[in-house]
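Trainee: Read off the chains here:
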Amino acid sequence: MPANPFNNHTEYGIGIGLRVPHYRHILEKKPVVDWFEIISENFMVDGGRPLEVLDKILEQYRVVQHGVSMYFGSADKPNREHLKRLRNLARRTHTPWLSDHLCWGSVDGRYTHDLLPMPYTFAVAKHTASKVREVRDFVEVPVCVENVSSYAEFHQSEMTEWEFLSEVVERADCGILLDVNNIYVSSKNHGFDPYEYLNNVPHHRVGQIHIAGHTKFKKYLLDTHDHPVLDPVWKLYAHAIKLCGHTATLLEWDDRIPSFDEVHHEALKATRALGPAAQPAGDPVAA
Amino acid sequence: MAEALFRPLSSRDGLAARWSDGRSMASVAAQFVKPNSRLTSVERLEIYARSYWFRVLDCLYEDYPGLRAVLGERRFLKLATAFLSQYPSASFSLRNLGSRLPQFIVDEPASAGPHAALAADMARFEWAQVVAFDGPALPALTQDDVLDAGPGLRVALQPCVTVMECAYPVDDLLLALKKTALRGEASNALSSMPRSRPAARPRLPRPMKTFVAVHRQEGMLYFKRLEPEAYAILTALRDGRTLSAACAAALCEAGPGIDWAARVREWFRTWQSLGWFCRRLKRGRA
Chain A
1 MPANPFNNHT
11 EYGIGIGLRV
21 PHYRHILEKK
31 PVVDWFEIIS
41 ENFMVDGGRP
51 LEVLDKILEQ
61 YRVVQHGVSM
71 YFGSADKPNR
81 EHLKRLRNLA
91 RRTHTPWLSD
101 HLCWGSVDGR
111 YTHDLLPMPY
121 TFAVAKHTAS
131 KVREVRDFVE
141 VPVCVENVSS
151 YAEFHQSEMT
161 EWEFLSEVVE
171 RADCGILLDV
181 NNIYVSSKNH
191 GFDPYEYLNN
201 VPHHRVGQIH
211 IAGHTKFKKY
221 LLDTHDHPVL
231 DPVWKLYAHA
241 IKLCGHTATL
251 LEWDDRIPSF
261 DEVHHEALKA
271 TRALGPAAQP
281 AGDPVAA
Chain B
288 MAEALFRPLS
298 SRDGLAARWS
308 DGRSMASVAA
318 QFVKPNSRLT
328 SVERLEIYAR
338 SYWFRVLDCL
348 YEDYPGLRAV
358 LGERRFLKLA
368 TAFLSQYPSA
378 SFSLRNLGSR
388 LPQFIVDEPA
398 SAGPHAALAA
408 DMARFEWAQV
418 VAFDGPALPA
428 LTQDDVLDAG
438 PGLRVALQPC
448 VTVMECAYPV
458 DDLLLALKKT
468 ALRGEASNAL
478 SSMPRSRPAA
488 RPRLPRPMKT
498 FVAVHRQEGM
508 LYFKRLEPEA
518 YAILTALRDG
528 RTLSAACAAA
538 LCEAGPGIDW
548 AARVREWFRT
558 WQSLGWFCRR
568 LKRGRA
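Chains A and B supply the protein sequences, listed in that same order. When the letters of the first sequence are read in order and numbered with this note's numbering, they come out as residues 1 to 287. When the letters of the second sequence are read in order and numbered with this note's numbering, they come out as residues 288 to 573.
I should point out that these hints are in silico values taken from the structure, not numbers from a laboratory. Computed from a predicted structure; not experimentally measured. Wrong hints could be hidden among the right ones.
In silico DSS-like links for lysine-lysine, alpha-carbon gap of 27 Å or less [said to hold, decoys possible]:
#, chain 1, residue 1, chain 2, residue 2
1, A, Lys218, B, Lys321
2, B, Lys321, A, Lys188
3, B, Lys496, B, Lys511
One side only, chain A facing chain B, incomplete, derived with CB under 7 Å [what the hints assert, rightly or not]:
#, residue
4, Pro50
5, Glu52
6, Asn79
7, Gly109
8, Phe154
We treat Cβ as the ideally placed atom computed from N, Cα and C, and that holds for glycine.
Model the full structure from these sequences, guided by the hints.
Mentor: See the structure below:
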């Protein structure tokens, strides 16, 4: 039975992000990991060590691509050079699906390299969905869009974030990369119920889930990916799995990155919700 | 919103108090950002402004540690801010963010202060390392390829190899600073100003004409000091001259008492073993 039609009918378990500090450990020790997520932009280069490492990883592991700069919500058309490089990389990795964020971040060819929130309007949803379709059709790989953490809301918005997300993915007929940490962070920053968010997205479209740590400041939470996953996020994750069923799950840890074993051990805590089937057999960390 | 983000932060790492037309930033932000019970509109916008500047500055901090050491932290920050204000990122990849910084220093030497010439050399040298790190490499010519073609062969230097003439020994300076070879990655998680490992202010070198090649082997970055004649041959080849013309031009004023033929053979053996040569593509572009 396919896990989900929006991740190319794959049955992936728990993965972790492929990060530079872990390269040597992974290449030398070859730990058992179900799959790695790569940041596409780090490998959309012409040569050198990034691609050499990637090719070695691909000999041993399944890789899924995650992008940070497609900016489905930007008014600009998708950059053709970006699309070509993304397609070339997808052909190299054979990624079963790829993801990027439900946000904007560029204007008139200038890039912020940030995941900026969008006004939740029907017009913006229509525009965004059409860009998602364009990317998917060009790259020829299923696309999942990820909800972002946000710190600002706009007067213009006509609906809630989860209604906007649903509107975009239904119009684009694409998948969702559901980031439960982002839902939690935004719920605290904007004062909504994260469970209401989870209960009201189209669960059958959730092709992947992200979990991560965040940082509490006095007046807001910041999505920092530099901590273990906090308890409220684990609870939200367990609820998401109840609603969505078995879903490929990825731990993001991007700053103050600890040892590979520590990151992997943290990711495997997702087994509590996913069940033992999600855990690769013979994993030395989980044993 | 984007215009607010691209404006340099104030001295307290906040948004500028005034918009470009003189209105208060608070009133501009309130027009499109909702406040909540804990944060005003402008405070919410400020979170994004900080995030933007911390991220792009962090990228330049990482790509230009030698330049930071030459200029010192404060002048580097000022230079980087001026550069990014004039040249915000025009690429989907942060990898290209600093590509125009070397030329910016040449165009705006005052921004680099009293050591502008050294700073310009160091910036060129460090950008060459970015190119060497992940630039393209074409199939390398073998010794047989060169021998078969004879002296009329026009070869190209690999696009990821940079040969450069510097007024200062920047390679020695950077080695002294023990720059790490690996670059970082794109990420959207960043919470603070770049955690600058404050570069120790080194003793700055005196001018000394230096010829150096920046290249990679097995995924690692290297730089290699070149003799002036070797540099002349490589630049002539890079610029499209034939093997024989490059050697003739480079050695026309070479001093006596040296077996130049043997030396040139040795250089070519080394360059070839390093895979620096590739076929020149049509229209003279490698």
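Trainee: With reference to the structure, classify each hint as holding or not holding.
Mentor: Taking the hints in turn, this is what the structure says about them:
Proximity of Lys218(A) to Lys321(B) is assessed by CA-CA distance (about 19 Å); at most 27 Å being required, the pair is judged to hold. Annotation: proposed proximity of Lys321(B) to Lys188(A) holds, straight-line Cα distance about 15 Å (limit 27 Å). About 14 Å separates the Cα atoms of Lys496(B) and Lys511(B), which keeps this hinted pair within 27 Å; it holds. Checking Pro50(A) against chain B: minimum C-beta separation of about 6 Å stays under 7 Å; hint holds.
The restraint placing Glu52(A) at the interface with chain B holds, with a minimum CB-CB distance near 5 Å, inside the 7 Å limit. Below 7 Å, beta-carbon pairs count as interface contacts, and Asn79(A) has one with chain B at about 6 Å; its hint therefore holds. The beta carbon of Gly109(A) comes within 6 Å of a beta carbon in chain B, closer than 7 Å, and the hint placing it at the interface holds. The restraint placing Phe154(A) at the interface with chain B holds, with a minimum CB-CB distance near 6 Å, inside the 7 Å limit.
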